[in-house]
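From first to last, the protein sequence lines stand for chains B and H. Be aware that the first sequence starts at 878, since it is given in our numbering, and climbs by one per residue. Be aware that the second sequence starts at 159, since it is given in our numbering, and climbs by one per residue.
Note that these hints are calculated values from the structure, not bench results. Since the model is a prediction, treat every value here as computed from it, not as a measurement. Incorrect hints may appear among the rest.
[To be verified] To give a feel for the contact side, a few chain B residues facing chain H, derived at Cβ under 7 Å:
{"no.": "1", "residue": "935"}
{"no.": "2", "residue": "936"}
{"no.": "3", "residue": "950"}
Ideal placement from N, C-alpha and C gives every residue a C-beta, glycine not left out.
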Amino acid sequence: MHTQTLVIIPAFNEEKTIEEVILQVKQVGFKNILVVDDGSTDKTRLVAQNSGARVLSHLINIGLGGALATGFDFAREKNFNFAITMDADGQHLPSDALEIEKALKTNCGDLVIGSRIDSLWKKYKKRFVINFLSNIFTYILSGLWVSDSQSGLRGLNKNALEKIKPTQSGYEVSSEIIILAKANKIKVWEIPINAIYSKYSLEKGQKIQNAFNVFRKLLLN
Amino acid sequence: MILFQIFFIIFFLYLTVKTIYKRDFLPKALFFWILVFLGGAFLLVFPEFSSKVAKVFGIGRGADIVLYLGTILSFFLIYKLYLKIEKLEKKLDLLARKLSLKGKH
Chain B
878 MHTQTLVIIP AFNEEKTIEE VILQVKQVGF KNILVVDDGS TDKTRLVAQN
928 SGARVLSHLI NIGLGGALAT GFDFAREKNF NFAITMDADG QHLPSDALEI
978 EKALKTNCGD LVIGSRIDSL WKKYKKRFVI NFLSNIFTYI LSGLWVSDSQ
1028 SGLRGLNKNA LEKIKPTQSG YEVSSEIIIL AKANKIKVWE IPINAIYSKY
1078 SLEKGQKIQN AFNVFRKLLL N
Chain H
159 MILFQIFFII FFLYLTVKTI YKRDFLPKAL FFWILVFLGG AFLLVFPEFS
209 SKVAKVFGIG RGADIVLYLG TILSFFLIYK LYLKIEKLEK KLDLLARKLS
259 LKGKH
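Excised from the complex, chain B in its bound form:
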């Protein structure tokens, strides 16, 4: 059943966590795992290949948006019915990816977003604030309210894959996907997921300083 689904994991210098993430994703039953190595300078590519994932490598570091766009291109090219994107830092539970897949298969939405808002509110207040501000900006630009616009765990069915072709290269892609979904009349659905932030993933994730950059780029392009 999982053969119609491609799990896309964008990764930039994630040699410490990528193996465990891939193994866990395999463990819950996903067969097709694509790691988009975004110009890593460490052993991410090698570790991912040895863990049994298909790896596409960018020659240079483009950013999260570029890595996701490559993943979506691959999913379209290989005719997958569903694509699920997942962070490489281990903050998402593979069981939540299964829930996303279930929601896609039962047609809850064309774009299913895993919302971390509950666990952020309970455990990571600073993150909650960054996310809330991002949600407001995403709402202003898209006209669609999403409770976790910056979530990296999301699923797309074929319809969404055909219509959502992001052009932003950095973190701003998360908001862009929602803007494109709304513009293309794609049904968006949210399901609650857990967020497991280690010290490692907190250091690697989006910073509040980055928020200004994200919105400048979204406004200018």
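Please arrange chain H on chain B, whose structure you already have, making use of the hints.
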């Protein structure tokens, strides 16, 4: 003619000659830069010309209008450069993405 004028006239002429001989520019850009450099040299030789132009625009001193125009030109060039860099970045990103999909890397 004071030393300041002589120094900058030589500098502008040097830039003009260098630009022509280097052949790095497309004709349009070459024309633009030569105009800027020779224009600068001209204003240094005939500073009273800038005063006349300044009066037409209701600006007190010739040096002021040169400063204003210089500032506007700098902003314009920074803006053009910004757009160009963004465009280049996009092209480079696309190239890296296409190569990865073709398994060339």
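### Message
Would the hint on residue 936 (chain B) be counted as holding, given a Cβ-Cβ threshold of 7 Å to chain H?
### Response
5 Å, holds
### Query
Taking the closest Cβ pair, is residue 935 (chain B) under 7 Å from chain H?
Hint on residue 935 (chain B): holds, closest Cβ of chain H at ~4 Å, below 7 Å.
### Message
Just to be careful: measuring from the Cβ of residue 950 (chain B) to every Cβ in chain H, is the smallest value less than 7 Å?
### Response
6 Å, holds
The structure agrees with every numbered hint stated previously.
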